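These protein sequence lines are chains A and B, in that order. Under the working numbering, the first sequence has 33 at position 33, and the numbering climbs by one with no breaks. Under the working numbering, the second sequence has 217 at position 67, and the numbering climbs by one with no breaks.
Since the hints were derived computationally from the structure, they do not count as laboratory data. Fair warning: there could be bad hints in the mix.
No farther apart than 16 angstroms at their CA atoms in a straight line, the calculated lysine to aspartate or glutamate pairs in the EDC-like style are these [to be verified]:
1. B/Lys198 x B/Asp283
2. A/Lys147 x B/Glu303
3. B/Lys291 x B/Glu200
4. A/Lys101 x B/Glu253
5. A/Lys141 x B/Glu303
6. A/Lys106 x B/Glu303
7. B/Lys264 x A/Glu116
8. A/Lys101 x B/Glu247
9. A/Lys101 x B/Asp250
10. A/Lys106 x A/Glu87
11. B/Lys279 x B/Glu253
Covered by chain A, according to a simulated footprint, are these stretches of chain B (three or more residues, beta-carbon under 8 angstroms) [to be verified]:
12. 244-256
13. 269-280
Keep in mind it's a predicted model, so treat the numbers as computed, not measured. Glycine included, C-beta positions come from ideal geometry on N, C-alpha and C.
So you can see what is in the structure, the chains are spelled out below.
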Amino acid sequence: MKVVKKIALVLLIVFVGIQFIPTSRNQSDVVPATDFMMVNKVPKPITNKLQTSCYDCHSNNTQYPWYNKIQPVAWLLEDHIKEGKAELNFNEWDDLSNRRKNSKLKSIISQIEDDEMPLSSYTLIHRDAIFSDTEKQEIIKWMTQLKDSL
Amino acid sequence: MMKSLKMSIAAMLMLAISFTNAQEKEKMKMDHSKMDHGKMMHKKSDAKTEAILKDYFSLKNALVADETKKAALAGTKLVASFKAFDAGSYSKEQQEELADIIEDATEHAEHIAKSELGHQREHFKTLSKDVTDLVAITGTKNTLYEQFCPMYEGGSTWLSTSNEVKNPYYGSKMATCGKVQKEINN
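For reference, chain A alone in the conformation it holds in the complex (with noise of 0.2 angstroms):
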């Protein structure tokens, strides 16, 4: 019993010693000119889709759930986000070259079509970031307009 006491106070102690550790933030009040919305003609609902969907890691604002601050949680999204913008960042969009653009676009219309975005880990929070089966061929359909426009 006295092991498990001390075991327990430990991990305590480390959980609560975690928490000082800095995080760094995900948040940006601009919208800067290269953004995918400023530069695309972009459909109100898909707009709508687009930010709960996918602007939580793909841009440089994040709407940071209730948790975000209790480590390790926090450590986790800051990962999640950091590869998320790496990958694609609607934000910067227009600073892409159409090569980009294209390959970047198939990519998003080849990840939703096969849901592999949002990743599940997200949705099993963010209930309202799934995408129903209309919303799936409306995006699609919209995403490879504008691509064969390119």
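Using the hints provided, position chain B relative to the given structure of chain A.
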């Protein structure tokens, strides 16, 4: 005795002079051809492009044979070959375009290295476009054939060293679907 030594020293000197002279001339000839056909010289001698093409063709052959693992391996090699590419000797404009091509192609090669067959083929389509554009700038010493399959994703091209059609998009399912669209000779 003294005289013959002098003579042989003189002869050796002459030999050395004529030798360096010949080398100099050779150098000048090279410089000259560089000035006249700078681009041509380049086109014939970019070893980094040939390395990229070698990996691209082993990727293509793996897809023709429906071999995911081999294709993934070739994808990994391609990533390294793209990284090793040096655009230093090209014009500024060409360098920008080459950097764009390499960035895009690297991403596709990375995905090919870790995807299943269907996805590998999707990425191979765009990768083929990238490599074709790359060769249009750098040239290659071998004759290449741009081939075309009208069925895959609204029509897709790829490069081959042979004019015989072996389809990398369908593999064994439709091995000979497609045609030679263009011969690349630079």
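A quick look at each hint next to the structure:
| no. | hint | result |
| --- | --- | --- |
| 1 | B/Lys198 x B/Asp283 | holds, 15 angstroms |
| 2 | A/Lys147 x B/Glu303 | holds, 13 angstroms |
| 3 | B/Lys291 x B/Glu200 | holds, 8 angstroms |
| 4 | A/Lys101 x B/Glu253 | holds, 12 angstroms |
| 5 | A/Lys141 x B/Glu303 | holds, 15 angstroms |
| 6 | A/Lys106 x B/Glu303 | holds, 12 angstroms |
| 7 | B/Lys264 x A/Glu116 | holds, 15 angstroms |
| 8 | A/Lys101 x B/Glu247 | holds, 14 angstroms |
| 9 | A/Lys101 x B/Asp250 | holds, 11 angstroms |
| 10 | A/Lys106 x A/Glu87 | holds, 13 angstroms |
| 11 | B/Lys279 x B/Glu253 | holds, 13 angstroms |
| 12 | 244-256 | holds (count 4) |
| 13 | 269-280 | holds (count 4) |
Violated hints: none; the structure is consistent with every hint.
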